[in-house]
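**Q** Chain A is already provided as a structure; the job is to place chain B on it using the hints.
Protein chains: 2
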Amino acid sequence: MLSGFLYRNLNELRRAIIKNVSRKRGTESIYFKDAFHRVLAEDIYSRTDIPSLSVSHFDGYAVNSSGTSEATTWKPVKFKVKGAIYPESEMENLKIHGGEAYYVTTGSLLPEGADCVIPVERVKHLNRSEIEVFHSFKPGEYITLRGEDFRRGQKIFSKGHKLRSIDVYALGLTKNFRLKVYRKLRASILSIGNELTDEPKDSEGRLSYNLFFYRLLMEIGTEASILGVVDDDPEEIRKRIREGLRKTDVVLTIGGCSVGERDYVLRAAKSLLGFKLVARGIKVQPGRVTSVSLVEGKPLIMLPGHIQSALSGFLLVAVPLIRFMEGYPYCLPFKRVKAKFAWGIKLKKFKPFIKVRFVETFKVNGETVAKPLLGDSSLISVLTGANGFVLIPKNKDIVKKGEKVVVHMMNSCC
Amino acid sequence: MLSGFLYRNLNELRRAIIKNVSRKRGTESIYFKDAFHRVLAEDIYSRTDIPSLSVSHFDGYAVNSSGTSEATTWKPVKFKVKGAIYPESEMENLKIHGGEAYYVTTGSLLPEGADCVIPVERVKHLNRSEIEVFHSFKPGEYITLRGEDFRRGQKIFSKGHKLRSIDVYALGLTKNFRLKVYRKLRASILSIGNELTDEPKDSEGRLSYNLFFYRLLMEIGTEASILGVVDDDPEEIRKRIREGLRKTDVVLTIGGCSVGERDYVLRAAKSLLGFKLVARGIKVQPGRVTSVSLVEGKPLIMLPGHIQSALSGFLLVAVPLIRFMEGYPYCLPFKRVKAKFAWGIKLKKFKPFIKVRFVETFKVNGETVAKPLLGDSSLISVLTGANGFVLIPKNKDIVKKGEKVVVHMMNSCC
Chain A
960 MLSGFLYRNL
970 NELRRAIIKN
980 VSRKRGTESI
990 YFKDAFHRVL
1000 AEDIYSRTDI
1010 PSLSVSHFDG
1020 YAVNSSGTSE
1030 ATTWKPVKFK
1040 VKGAIYPESE
1050 MENLKIHGGE
1060 AYYVTTGSLL
1070 PEGADCVIPV
1080 ERVKHLNRSE
1090 IEVFHSFKPG
1100 EYITLRGEDF
1110 RRGQKIFSKG
1120 HKLRSIDVYA
1130 LGLTKNFRLK
1140 VYRKLRASIL
1150 SIGNELTDEP
1160 KDSEGRLSYN
1170 LFFYRLLMEI
1180 GTEASILGVV
1190 DDDPEEIRKR
1200 IREGLRKTDV
1210 VLTIGGCSVG
1220 ERDYVLRAAK
1230 SLLGFKLVAR
1240 GIKVQPGRVT
1250 SVSLVEGKPL
1260 IMLPGHIQSA
1270 LSGFLLVAVP
1280 LIRFMEGYPY
1290 CLPFKRVKAK
1300 FAWGIKLKKF
1310 KPFIKVRFVE
1320 TFKVNGETVA
1330 KPLLGDSSLI
1340 SVLTGANGFV
1350 LIPKNKDIVK
1360 KGEKVVVHMM
1370 NSCC
Chain B
960 MLSGFLYRNL
970 NELRRAIIKN
980 VSRKRGTESI
990 YFKDAFHRVL
1000 AEDIYSRTDI
1010 PSLSVSHFDG
1020 YAVNSSGTSE
1030 ATTWKPVKFK
1040 VKGAIYPESE
1050 MENLKIHGGE
1060 AYYVTTGSLL
1070 PEGADCVIPV
1080 ERVKHLNRSE
1090 IEVFHSFKPG
1100 EYITLRGEDF
1110 RRGQKIFSKG
1120 HKLRSIDVYA
1130 LGLTKNFRLK
1140 VYRKLRASIL
1150 SIGNELTDEP
1160 KDSEGRLSYN
1170 LFFYRLLMEI
1180 GTEASILGVV
1190 DDDPEEIRKR
1200 IREGLRKTDV
1210 VLTIGGCSVG
1220 ERDYVLRAAK
1230 SLLGFKLVAR
1240 GIKVQPGRVT
1250 SVSLVEGKPL
1260 IMLPGHIQSA
1270 LSGFLLVAVP
1280 LIRFMEGYPY
1290 CLPFKRVKAK
1300 FAWGIKLKKF
1310 KPFIKVRFVE
1320 TFKVNGETVA
1330 KPLLGDSSLI
1340 SVLTGANGFV
1350 LIPKNKDIVK
1360 KGEKVVVHMM
1370 NSCC
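Same order as they appear, the protein sequences are chains A and B. Per this note's numbering, residue 960 is the first one in the first sequence, and the count goes up by one each step. Per this note's numbering, residue 960 is the first one in the second sequence, and the count goes up by one each step.
Any given hint might turn out to be false.
Copies of the same chain look alike in the list, so a pair counts if it works inside one copy or between any two.
Restricting the straight-line Cα-Cα distance to at most 30 Å, the calculated cross-link-like pairs of lysine-lysine (DSBU-like) are [to be verified]: (1) LYS1037 <-> LYS1299; (2) LYS1143 <-> LYS1294; (3) LYS1097 <-> LYS1307; (4) LYS1330 <-> LYS1294; (5) LYS1121 <-> LYS1083; (6) LYS1297 <-> LYS992; (7) LYS1297 <-> LYS1330; (8) LYS1121 <-> LYS1294; (9) LYS1294 <-> LYS1360; (10) LYS1299 <-> LYS1114; (11) LYS1322 <-> LYS1114; (12) LYS1294 <-> LYS1242.
To be clear, the hints were calculated from the coordinates, so they are not data collected in a lab.
So here's chain A without its partners, still in its complex pose (with noise of 0.2 Å):
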């Protein structure tokens, strides 16, 4: 066990991050147009009854129902067509009395007096101002009733409701122009260590996971920025996590927090105004040197520097976390798949942790099988050609080939 980490399970955490971590967020009006995958922060209500006036739903003829109730094949009955109307037409003073019609298009309005349309394929044309009729027609007959889509004050979305691309329709249609929605939660992402880079074709430094992460954060729904990447100076990397913690509402860091001299960040953070730690370790490998503190308030996420422990860090801790100040509850979100272990492994080390393993799912004769791909928590690789992970609990040292257990899906997102 590394010397200053106390390792802290991921229920402890959970419950000190819900102790700790504030969710007020900010709220913002924004145009119906620009909301599209946004969290409401107000109920809706239709402002308007949709449709305006009952529509018709066919091209046909608009006429009062009851006109029909005798119509038969051997017996039709007559209407006179007094006009035609479009969706664009004006309404005023069209009117119909008993044997009158109006032809009309798929979408126009109704005249008054009609409660229902014969669609023009059902009517015979005796000349161009006479049809004949044979069948009766009951009121609301291929028509939209006024408000049958939305009435006017009706509730259409709650509060926390995200956006989807038909509901930002429904927003313009129902002339909800402008919503308050939650502003997006803003993090920020800084790498540490003086062989880093993030232009890799200037220098001969290796590419920081500043982008990578950067992607995560975005698919996760916030709005992500890049602090950049520092050298291993403390002074340094205060500045840093300072900008960040002013700009933003959350800020992560990956690597300069190995045991002993090179522990910078925390180092740097320690010496930050109104610091707090939350936990220092989490008991979950790789990954297991993920701390978690709040400056005057604000989370800061102490990422390990090698790849998947980082990454496992950030699934396990920094999305539950960042989620549950969006106004979710604080738990992991990935889509759960049962799969058979495609063979068996042993976990001989860090046997009171939670062991991470990343793997790739696919069907065999129907089932799912999850295929374990192991290396060197520093190997890209492994995760290239990972879509999930799986936990393993503590104390359990063997996992066996066809042993059935749950992934958590990356999908997109790593």
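**A** For chain B alone, kept in the frame of chain A given last:
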């Protein structure tokens, strides 16, 4: 049945599209940082060994493992520490012999002669330059070997692979700074109707579906653009379709395709040079007036004006067609979920047609239940409630309560 429509079934349509639609797509060279979610148009090979030299996986002491073979807790072995190596250290002339060690931190390269690392917590520090070791270590322990992650010349991604966040990182790491990807398919969309507007605030018009389908086109990965709203004027429609065909790879129209005098889009399309009709109607309800044509080889998909009909045509025709153009097999790509139908429904009309019914799925006692959302094909409220759809085979006129159905999930897409 509407006159003039031939109603192809979906298999006939599939064959006609595979036969007539070209899959040729351009490629472009892009910077790796812009490659997220793009599809590779070439195989990718690592241009370097990763890691470039063997690397320490821990903070500890780099030694030659042979010197530890005799070490035990009661008879430890001493090593002389020659200095310290950090990830950014210059490695020239750094070498160890038997009995010598270098202090190395995580991520540091190994000096010549070293083949393993002893973690710092597993040695005893006698003084500043001497340590004791109590166990034997094997070659390769606590290090990552040169090329273990990616070997120079190793194929890491295949042509056709859609790049995820971690893959983009691997591109940069392996010095694949520029790469060839398929050009995104460009799709444009046009709504037809005198009563429509894209700017509902500025007019009394009804909001067109352009923005809705624009979002769906973006979500299936095309570069979408909106051609606007045009009146029911064949000459104006013709001009806009031609503009769309000039700028983009596929054009979608919504509305303007009723039977008879108001069949503006087909009339406009027919007057374009190189026009060829592929399907005039599909055996699907709602959505049956959906038509497909080619204009000098470019697809023009004509969707009906009612929202459910248009969406049905989009999901069953436009999505597989566009994906086919992008190189995927022609199929319905939606995730399928088995569910029990929540209550029985009768289907009286359109017997020889496949019926599309939008549903909302939810879990009851661990089982997925699909609740059918019924109502006129013009109702938006049916779709704001739906998260999937079922396809009911032709000639089937009843779905019983509790009957097993396959739900195609629309996810965030619709």
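**Q** So, for every hint listed, does it hold in this structure?
**A** Quick rundown of the hints versus the structure:
Taking the shortest Cα distances, LYS1037 and LYS1299 never come within 30 Å of each other, neither inside one copy (71 Å) nor across copies (48 Å). With identical chains, the CA atoms of LYS1143 and LYS1294 are at most 30 Å apart both within one copy (23 Å) and between copies (29 Å). Taking the closest pair of Cα atoms, LYS1097 and LYS1307 come within 30 Å of each other only across two copies (17 Å); inside a single copy the shortest separation is 76 Å, beyond that limit. For a Cα distance limit of 30 Å, the shortest separation of LYS1330 from LYS1294 qualifies both inside one copy, at 18 Å, and across copies, at 22 Å.
Proximity of LYS1121 and LYS1083 under a CA criterion of 30 Å is satisfied in neither setting, with 50 Å inside one chain copy and 57 Å between copies. In this assembly of identical chains, the alpha carbons of LYS1297 and LYS992 never lie at most 30 Å apart, being 39 Å within a copy and 34 Å across copies at closest. Both within a single protomer and between protomers do LYS1297 and LYS1330 lie at most 30 Å apart by alpha-carbon distance, with minima of 13 Å and 25 Å respectively. Proximity of LYS1121 and LYS1294 under a CA criterion of 30 Å is satisfied in both settings, with 18 Å inside one chain copy and 20 Å between copies.
Taking the shortest alpha-carbon separations for LYS1294 and LYS1360, both the intra-copy value of 23 Å and the inter-copy value of 28 Å come in at or below 30 Å. Proximity of LYS1299 to LYS1114 under the C-alpha cut-off of 30 Å is restricted to the inter-copy arrangement: shortest distance 29 Å between copies versus 45 Å within a copy. For the identical chains of this complex, LYS1322 and LYS1114 are inter-copy neighbours only, at 24 Å across copies versus 43 Å inside a copy, given an alpha-carbon limit of 30 Å. Within a single copy, LYS1294 and LYS1242 get their C-alpha atoms as close as 23 Å, which meets the 30 Å cut-off; across copies the closest is 35 Å, which misses it.
Going down the numbered hints, you'll see the structure goes against 1, 5 and 6, while the others check out.
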